[in-house]
Amino acid sequence: MGERIFKISGNYMQDGKWAEPDPSFEGKIVVKEDGEFVGYCNELYAEALNDPGCEIRYLTGVLDFNEQSGHYGIAFYKMCNNSKAGTIMYCQFDLMNPKTGSWAGLFFGRFEPEGGANLKLEGDEYTEEEAKRIRDTFDNLDKNDCCHEWLLNELDCCRNMVVNMEI
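One point on numbering: in the working numbering, the residue at position 108 of the sequence shown is 108, and numbering is uninterrupted.
By construction, these hints were calculated from the structure, which means they are not laboratory data. There may be inaccurate statements among the hints.
Said to hold, decoys possible - The list that follows gives simulated cross-link-like pairs (lysine-lysine, BS3-like), each with its CA atoms no further than 27 Å apart:
no.: 1; residue 1: Lys132; residue 2: Lys143
no.: 2; residue 1: Lys143; residue 2: Lys32
no.: 3; residue 1: Lys7; residue 2: Lys17
no.: 4; residue 1: Lys17; residue 2: Lys99
no.: 5; residue 1: Lys7; residue 2: Lys132
no.: 6; residue 1: Lys7; residue 2: Lys120
no.: 7; residue 1: Lys120; residue 2: Lys32
no.: 8; residue 1: Lys120; residue 2: Lys132
no.: 9; residue 1: Lys84; residue 2: Lys32
no.: 10; residue 1: Lys7; residue 2: Lys143
no.: 11; residue 1: Lys132; residue 2: Lys99
no.: 12; residue 1: Lys7; residue 2: Lys32
no.: 13; residue 1: Lys143; residue 2: Lys17
no.: 14; residue 1: Lys84; residue 2: Lys143
As the list claims (entries may be wrong) - FRET-style restraints, in silico, Cβ to Cβ:
no.: 15; residue 1: Asn153; residue 2: Ala46; range: 21 to 27 Å
no.: 16; residue 1: Asp124; residue 2: Asp15; range: 19 to 25 Å
no.: 17; residue 1: Pro113; residue 2: Asp136; range: 19 to 25 Å
no.: 18; residue 1: Phe108; residue 2: Asp142; range: 33 to 39 Å
no.: 19; residue 1: Gly53; residue 2: Asn97; range: 19 to 25 Å
no.: 20; residue 1: Asn153; residue 2: Lys132; range: 22 to 28 Å
C-beta: ideal position from N, C-alpha, C; glycine also.
Could you build all of it, start to finish, from the sequences and the hints given here?
Following this line, the structure appears as structure tokens:
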């Protein structure tokens, strides 16, 4: 089947309210045949746009099939080169059911649940040029940051969340 490109967008709930605007982020990912992906997203909410370096985040994770739900799910890390911006993990183990989405913030080496999330993927035309552009954008991630380096090697955690979560 080869690589695929998707547009990704999403929103998150914090303190019982959905972020504005909706979606609060959008970007693109390039997915390898094994479901692992890299990409980026542009943050669209005001706080990120007003903080230099927070307007773009770098994504890596897994798109895989959840046998229990019978649908594809996604889990990924959202990282930023601005050290003031926290690292986030998103998971929606059934992309057909927005109620299965959640996000968590990284605190002291552990992801703590924060609230609901709603993620959407939309297939996009695959071209080598676009795949390279997405990868080149992702390559702007500071991989010398010890947290980023650690997460880049933890994609099995994303896969386990998608494949093994139950409704």
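Do the hints match the structure? See the list:
1. This hinted pair checks out: lysine 132 and lysine 143 have alpha carbons roughly 18 Å apart, not beyond 27 Å.
2. Restraint check for lysine 143 and lysine 32: the C-alpha separation of about 20 Å stays at or below 27 Å, so the hint holds.
3. Restraint check for lysine 7 and lysine 17: the C-alpha separation of about 24 Å stays at or below 27 Å, so the hint holds.
4. The suggested pairing of lysine 17 with lysine 99 holds, with an alpha-carbon distance near 14 Å, which does not exceed 27 Å.
5. Straight-line distance between C-alpha atoms of lysine 7 and lysine 132 comes to about 15 Å, which keeps the hinted pair within the 27 Å bound.
6. Taking the CA atoms of lysine 7 and lysine 120, the gap is near 8 Å; set against the 27 Å cutoff, the hint holds.
7. Proximity of lysine 120 to lysine 32 is assessed by CA-CA distance (about 18 Å); at most 27 Å being required, the pair is judged to hold.
8. For a cut-off of 27 Å, the pair hint linking lysine 120 to lysine 132 stands: about 22 Å separates their Cα positions.
9. Only pairs whose Cα atoms come within 27 Å are accepted, and lysine 84 paired with lysine 32 is rejected, the gap being roughly 31 Å.
10. The suggested pairing of lysine 7 with lysine 143 holds, with an alpha-carbon distance near 24 Å, which does not exceed 27 Å.
11. About 33 Å separates the Cα atoms of lysine 132 and lysine 99, which puts this hinted pair outside 27 Å; it is violated.
12. Between lysine 7 and lysine 32 the CA atoms are separated by roughly 15 Å; this keeps the pair inside 27 Å, and the hint holds.
13. Note on lysine 143 and lysine 17: the hinted pairing is violated, with a Cα-Cα distance of about 33 Å set against a maximum of 27 Å.
14. Using a Cα cut-off of 27 Å, the hinted pair lysine 84 and lysine 143 holds, with the two alpha carbons roughly 16 Å apart.
15. Hint check: asparagine 153 to alanine 46, Cβ distance near 34 Å, so the stated range 21 to 27 Å is violated.
16. Here the CB-CB span from aspartate 124 to aspartate 15 is close to 33 Å, at odds with the stated 19 to 25 Å.
17. For proline 113 paired with aspartate 136, a C-beta distance near 33 Å fails the hint of 19 to 25 Å.
18. A C-beta distance of roughly 20 Å is found between phenylalanine 108 and aspartate 142, which places it outside the suggested range of 33 to 39 Å.
19. About 34 Å separates the C-beta atoms of glycine 53 and asparagine 97, a value inconsistent with the hinted range of 19 to 25 Å.
20. Between asparagine 153 and lysine 132 the C-beta distance comes to about 23 Å, which sits within the given range of 22 to 28 Å.
Going through the hint list in order, the structure does not satisfy hints 9, 11, 13, 15, 16, 17, 18 and 19.
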